[in-house]
Amino acid sequence: MPIGRDIIAGVVIFGQMAACSHPAQLRDQWQTSERQLSFEKWLQRASAAPLIVLGRVLSVDKIGQPQRSHGDAQVKTELTRIRIDVEQEIKGAIPANPMEFYLFELSEESDVGAGVPAYIPVAGQRRIYFLRAEAGIYRSVGDVARYNLEVWNGAHEPGFCRGMSPGRCVSELLLVPVGIADVEAFVSGLWPSAYASGILSSPENTKELLDKLRKYPDARIVKGASETLQMLEQWWPSLKKENVHNDK
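Using the numbering used here, the first residue of the sequence shown is number 109, and each one after it goes up by one.
It should be emphasised that the hints constitute simulated quantities derived from the structure, not laboratory data. Virtual Cβ for every residue (Gly too), placed ideally from N, Cα, C. Certain hints may be false.
Each computed BS3-like pair below joins lysine-lysine, with the alpha-carbon atoms no more than 27 angstroms apart [claimed, not checked]:
1. K149 <-> K323
2. K348 <-> K320
3. K199 <-> K149
4. K320 <-> K331
5. K331 <-> K348
6. K199 <-> K320
7. K323 <-> K348
Computed Cβ-Cβ distance ranges for the label pairs, DEER-style [what the hints assert, rightly or not]:
8. Q173 <-> V330: 48 to 54 angstroms
9. P266 <-> P225: 26 to 32 angstroms
10. P300 <-> V230: 16 to 22 angstroms
11. N205 <-> K320: 27 to 33 angstroms
12. Q173 <-> P225: 41 to 47 angstroms
13. A263 <-> F147: 21 to 27 angstroms
14. K170 <-> A241: 37 to 43 angstroms
15. E216 <-> R143: 18 to 24 angstroms
16. P345 <-> G200: 20 to 26 angstroms
17. A226 <-> Y324: 29 to 35 angstroms
18. E258 <-> K320: 20 to 26 angstroms
19. L166 <-> S334: 34 to 40 angstroms
20. Q173 <-> K323: 49 to 55 angstroms
21. Q173 <-> E265: 21 to 27 angstroms
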């Protein structure tokens, strides 16, 4: 029986991963141009990642010495290993759970700051991570900056994303409330969550989810959703025109 091309391709990829699997081979991806990278642009870049997961950070280990960035000699970075418990597979399939991935943090020895909010991983954080494979291991699609999305919502049931597009899944993980432990934090995170939802899914889908939040049995969430809807119309004016049309 002939061997299928997909099987052959899988064997080749596995062989490449096994033959080259040491984090010391990684180089940081930081570039000076990333200081001007808008939230929208990095989200669009990150959405192309082959593996997107929601996970809780279990441990953070710095495993490299501070080194000057290959893309910005004034910045020093430090290779870091992050171990997470994966709650949801949003895109792609994880190799194991818990899983590990790598990124380069901004080093405390850096001559200058990143010029953008730097990501400082801490155990207990819940984030949506955008990952890719390199040198037989997984790494963040970007380094130094916050190439991830913070999640203030509670944990959905395993397999919640099954059958959804990645963008729709991210939207619902962020904006469909479940087991919210800290309502104030959830409300304070509605603006960035809604903006990310609008970019990765659609403004219309985001509006639909926020409209549902306006009926939630907590006045703080209702108020936050109403205020976020107003911002949504500023970010995407077409929504305001649509509302005017629907009111007629």
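Right, here's what the structure says about each hint:
1. K149 <-> K323: violated, 32 angstroms
2. K348 <-> K320: holds, 18 angstroms
3. K199 <-> K149: Distance ~19 angstroms between K199 and K149 Cα, so the pair holds.
4. K320 <-> K331: Answer holds: K320 to K331 is near 12 angstroms, not above 27 angstroms.
5. K331 <-> K348: Holds, at roughly 19 angstroms.
6. K199 <-> K320: Between K199 and K320 the Cα gap is close to 25 angstroms, so the pair holds against 27 angstroms.
7. K323 <-> K348: holds, 20 angstroms
8. Q173 <-> V330: 48 to 54 angstroms: holds, 50 angstroms
9. P266 <-> P225: 26 to 32 angstroms: Because 31 angstroms falls inside the window, the suggested range holds.
10. P300 <-> V230: 16 to 22 angstroms: 18 angstroms Cβ-Cβ, so the 16 to 22 angstroms window holds.
11. N205 <-> K320: 27 to 33 angstroms: Because 30 angstroms falls inside the window, the suggested range holds.
12. Q173 <-> P225: 41 to 47 angstroms: violated, 24 angstroms
13. A263 <-> F147: 21 to 27 angstroms: Since the Cβ atoms of A263 and F147 sit about 25 angstroms apart, the hinted range of 21 to 27 angstroms holds.
14. K170 <-> A241: 37 to 43 angstroms: violated, 22 angstroms
15. E216 <-> R143: 18 to 24 angstroms: Because 19 angstroms falls inside the window, the suggested range holds.
16. P345 <-> G200: 20 to 26 angstroms: violated, 34 angstroms
17. A226 <-> Y324: 29 to 35 angstroms: holds, 33 angstroms
18. E258 <-> K320: 20 to 26 angstroms: Given a distance of about 21 angstroms, which is inside 20 to 26 angstroms, the answer is holds.
19. L166 <-> S334: 34 to 40 angstroms: holds, 37 angstroms
20. Q173 <-> K323: 49 to 55 angstroms: holds, 53 angstroms
21. Q173 <-> E265: 21 to 27 angstroms: violated, 42 angstroms
When held up to the earlier numbered hints, the structure conflicts with 1, 12, 14, 16 and 21 and fits the remainder.
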